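Novice: Each chain, letter by letter, is given below.
Protein chains: 2
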Amino acid sequence: MKLKHVRNATMVLELGDQRILVDPMLGAKGSMDPFPNSAGNSTRNPTTDLAVPLAELIDVDVVVVTHIHLDHWDNAAASLLPRDVPLLVQNEADGKAISANGFSNVQVLKEPLRIGQTVFTRTAGQHGSDAVLATWPSLGEVSGVVINHPGEPSIYVAGDTVWNDQVNEALAEHRPDIVVLNTGEARLPDNSRLIMDAQEILEVHAAAPQARIVAVHMEALNHCVVTRAQVRALVREHQIAEHVLVPEDGEVLIF
Amino acid sequence: MKLKHVRNATMVLELGDQRILVDPMLGAKGSMDPFPNSAGNSTRNPTTDLAVPLAELIDVDVVVVTHIHLDHWDNAAASLLPRDVPLLVQNEADGKAISANGFSNVQVLKEPLRIGQTVFTRTAGQHGSDAVLATWPSLGEVSGVVINHPGEPSIYVAGDTVWNDQVNEALAEHRPDIVVLNTGEARLPDNSRLIMDAQEILEVHAAAPQARIVAVHMEALNHCVVTRAQVRALVREHQIAEHVLVPEDGEVLIF
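Residue numbers (my numbering), protein chains in the order written: chain A, 9 to 263; chain B, 9 to 263.
To be clear, the hints were calculated from the coordinates, so they are not data collected in a lab. These numbers were taken from a predicted model, which means no experiment stands behind them. Ideal placement from N, C-alpha and C gives every residue a C-beta, glycine not left out.
Ranges of calculated distance between the beta carbons of each label pair, as one might list FRET restraints: (1) B/Ala-59 / A/Gly-124: 25 to 33 Å; (2) B/Ser-137 / A/Gln-26: 46 to 54 Å; (3) B/Pro-44 / A/Glu-211: 48 to 56 Å; (4) A/Asp-41 / B/Glu-64: 22 to 30 Å; (5) A/Gln-26 / B/Thr-56: 23 to 31 Å; (6) A/Glu-259 / B/Glu-211: 56 to 64 Å.
Full structure from sequences and hints, please.
Specialist: This is the structure:
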């Protein structure tokens, strides 16, 4: 399996002869407003340029969108992807929003879905603590996805979730070889967070010590305050560096 | 001078060492709703794929936007172009709309403007007949542009206008070597039109017999009913075929 980390949560997986694009945010540096209510800064998003040629990201066999917040499905993605590409979404509402842009092959991941030899299974998650969601119900539903392909490692993309029972259960149920975590924190002014921070990598590692963890969703958005250097330092300190990969934008990981 | 016709009104001019992108509509086939009130059909727009690599269209020195209707400035363009590219617009309103996407170098073409060795001069136009504009005032203001570069042919991009005194005056004033006309007609159900039809090429040729005419803005949108074949047949019939070029998408013209 080849995993190309593109930027933030955007990546391309190559499994067999299939190219799978996850959570496309394809716009230029600064093409979106900053996220409000951030403990970070007010830089426009994305804060970095796309490090992978657009042509490569548009020519894919399947697209998975864990949820349609603009850092996972932006105007560029909605404008550029072929209208007939198979697009897997978490629920009817996201499917409807995406279909409104003329996409003709949108499928809701209610049950495990096979495309070619690859099986996609939706997992649950929560976009912030219970307290955060009580204050910001508009954050809405999120999902993760487990992707299985015969003869390849299994991969669990946790999505925009904090560490919680849902993640713990997904790890126990699917026993993935690879776990992709969004560890940028997305910190609010009261220091609560919308996604995982670096520290929660330790929880995931404790729950799934066999898995390789790939930490992403960092250094691309104004409100994501955790840096790659902080994650690397933490996992070295806890002597789990060999289990945790922190790819640069455009970096390819082979499993 | 190299003129690459991209699609619809989108083109790239190479003048000296400058690459100038005009009226970028960069989205995938079907990425926009059809234009309503069309005498054409209800196919989603654009009706054709982009025939030129995106990478080539984003790497430019200047962008000219004659007006911000979605077939001249789409979400893909607004998402993909570098935020600091010099962007020339017709008026403050268009400038404000584009700046809202984070573009930091938007300039209104009030007076002729020099960038490097190239001078850009705004021309006037009208997006339909007086009767059309009385019914559809929301069509709003449009512009054209004359582009001059020492040692190169001069080019007048008329923009989304019908044939009228403004076009006639621009031809007389600037005596361009090349005139780009949007001849797709954009027909309304009552058979009135928003831009030129094929027949108006004859008017332009009579007013500027020395000029080479490049006919574009055809076969890319649901409401543009004039075909390239119709234009070619008409100019052959009127024995002015050597004066009128009708490029295919992606075709390069050298002047």
